[in-house]
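The chain contents come next:
2 protein chains.
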Amino acid sequence: MTRQEIIENIRRKQSFLCVGLDTDLKKIPPHLLTEEDPIFAFNKAIIDATAPYCVAYKPNLAFYECFGLKGWAAFEKTVKYLRTNYPDQFIIADAKRGDIGNTSAMYARALFEELDVDAITVAPYMGEDSVKPFLNYPGKWVILLALTSNPGSQDFQMMESGEGERLFERVLRRSGEWADAGQMMYVVGATRGRAFEDVRRIVPNHFLLVPGVGAQGGSPEEVWRYGRNADCGLLVNSSRGIIYADSTPDFARAAGAAAQTLQAQMAALIAQH
Amino acid sequence: MTRQEIIENIRRKQSFLCVGLDTDLKKIPPHLLTEEDPIFAFNKAIIDATAPYCVAYKPNLAFYECFGLKGWAAFEKTVKYLRTNYPDQFIIADAKRGDIGNTSAMYARALFEELDVDAITVAPYMGEDSVKPFLNYPGKWVILLALTSNPGSQDFQMMESGEGERLFERVLRRSGEWADAGQMMYVVGATRGRAFEDVRRIVPNHFLLVPGVGAQGGSPEEVWRYGRNADCGLLVNSSRGIIYADSTPDFARAAGAAAQTLQAQMAALIAQH
Numbered sequence: 001m002t003r004q005e006i007i008e009n010i011r012r013k014q015s016f017l018c019v020g021l022d023t024d025l026k027k028i029p030p031h032l033l034t035e036e037d038p039i040f041a042f043n044k045a046i047i048d049a050t051a052p053y054c055v056a057y058k059p060n061l062a063f064y065e066c067f068g069l070k071g072w073a074a075f076e077k078t079v080k081y082l083r084t085n086y087p088d089q090f091i092i093a094d095a096k097r098g099d100i101g102n103t104s105a106m107y108a109r110a111l112f113e114e115l116d117v118d119a120i121t122v123a124p125y126m127g128e129d130s131v132k133p134f135l136n137y138p139g140k141w142v143i144l145l146a147l148t149s150n151p152g153s154q155d156f157q158m159m160e161s162g163e164g165e166r167l168f169e170r171v172l173r174r175s176g177e178w179a180d181a182g183q184m185m186y187v188v189g190a191t192r193g194r195a196f197e198d199v200r201r202i203v204p205n206h207f208l209l210v211p212g213v214g215a216q217g218g219s220p221e222e223v224w225r226y227g228r229n230a231d232c233g234l235l236v237n238s239s240r241g242i243i244y245a246d247s248t249p250d251f252a253r254a255a256g257a258a259a260q261t262l263q264a265q266m267a268a269l270i271a272q273h
Numbered sequence: 001m002t003r004q005e006i007i008e009n010i011r012r013k014q015s016f017l018c019v020g021l022d023t024d025l026k027k028i029p030p031h032l033l034t035e036e037d038p039i040f041a042f043n044k045a046i047i048d049a050t051a052p053y054c055v056a057y058k059p060n061l062a063f064y065e066c067f068g069l070k071g072w073a074a075f076e077k078t079v080k081y082l083r084t085n086y087p088d089q090f091i092i093a094d095a096k097r098g099d100i101g102n103t104s105a106m107y108a109r110a111l112f113e114e115l116d117v118d119a120i121t122v123a124p125y126m127g128e129d130s131v132k133p134f135l136n137y138p139g140k141w142v143i144l145l146a147l148t149s150n151p152g153s154q155d156f157q158m159m160e161s162g163e164g165e166r167l168f169e170r171v172l173r174r175s176g177e178w179a180d181a182g183q184m185m186y187v188v189g190a191t192r193g194r195a196f197e198d199v200r201r202i203v204p205n206h207f208l209l210v211p212g213v214g215a216q217g218g219s220p221e222e223v224w225r226y227g228r229n230a231d232c233g234l235l236v237n238s239s240r241g242i243i244y245a246d247s248t249p250d251f252a253r254a255a256g257a258a259a260q261t262l263q264a265q266m267a268a269l270i271a272q273h
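Going down the list, the sequences are from chains B and E. Here the first sequence is numbered in the numbering used here, starting from 1 and rising by one per residue. Here the second sequence is numbered in the numbering used here, starting from 1 and rising by one per residue.
Calculated from the structure, these hints are not laboratory results. All the given hints hold, so there is nothing to weed out.
Just the calculated beta-carbon pair ranges, DEER-fashion:
no. : chain 1 : residue 1 : chain 2 : residue 2 : range
1   : B       : D48       : E       : G164      : 52 to 58 Å
2   : B       : R12       : E       : G182      : 52 to 58 Å
3   : B       : A230      : E       : E160      : 32 to 38 Å
4   : B       : E160      : E       : K70       : 42 to 48 Å
Using N, Cα and C, we set each Cβ at its ideal position, and we do this for glycine too.
Looking at chain B on its own, in the form it has when it is part of the complex:
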């Protein structure tokens, strides 16, 4: 999917919401456990209920891999279901991979060729040759971890060089030499507030994938205030607040309502712009 298509989807739907499919068998409504593939049954219902209100889905691979073969099958089915029924949705494999060149190339092949997702989250620690193999696919995206929303982000991401550049800033600056805003996005946590301004100084044009709204404490308003650019430039993710809004057989309707609430907030922000 091109940058322009993402921007058009955001305009048309008045939403920059990404729904995180962190599907956990321990948390889904118990009545689904009798289904042949409970994870996929849950995802399918959530997708059908929330698709009008979002522009992207982000299945987190850890939640699928922890169920081994069955989990992987559910992940594949979920991607295919989205591709077939909601071709305008941007599909992010939240994998946080990052390995030496030939290994990153294997991951790129698995996720871009075999599964046809639109984007993969990548960890920057191993540097350029760990990221570049993901950039060999036109129309596919790398979403690089920059400044995350968890407490441990203080440990290394905020480390400051002798020249006063923090590690996350160096990641933004260096990786800007590897790909432009048409193929790279960055993860910046919603709880970051003013730090979005520091991010935008280095990458004014890029899209940011912003987790941490809802359960983790960030708000769409604050993200919008400090993080948006002229093209919106934001994909704000919510996982638990939407998909586990309710655990009764009515869960899908509740998830749709939660997504709609966020979409309405986003539409109001876009309207002010």
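Since chain B is already given, all that's left is putting chain E on it; use the hints.
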């Protein structure tokens, strides 16, 4: 597996060799492609031929995941085969994971509980709460990326703080507060030469997992010279140089011979000690 058991295995086998199971359908002997599970058939033959000469195996998850369901099945079978037939081998899932707490916990559950590997490689970028969930399993290990052997390791790992501390050194120092040498190891690339001395100043007692011998240019002698400690403290990995030593039906014998050659070099180094 405890640190003491690893040390005893190294003494008994006079080897600190880890065999990397980076199994690629494009590189395995063509006659195996008619097998029901070519990846597992290859791994089984390689394991049977090399087990006398090594103390650890390191399947790289990327190589399995890129084949989706079939790849994941081959990975599971490989781990089970090792567990059942070679219980003294240390099994490292080379996954390079690292995510927020609840996601890391899912990976830990998948790899330590469902699959029962001994160790997981973890990327440090997201900090303490991305690593800690892997430390909740007694007898299981975290192997944290510190200083890798690829060219991109220069991009961020060598970044120097105002106080003159490089990022990889901060990773070593900080993570030393999360777990001791009985539960944590570090990845340090074999091509690092004198940098091993800098590593050892901060983590004198920890085991180091050292990739980059052979195809990537590092030598066991240099790693031993600069990286060993009183307990050996090294697991030196070789992948391609062993498992693709030959592509004829004689491949397993050739792999065994390549492993034996490295083991003999290691035995000579241990004897000098």
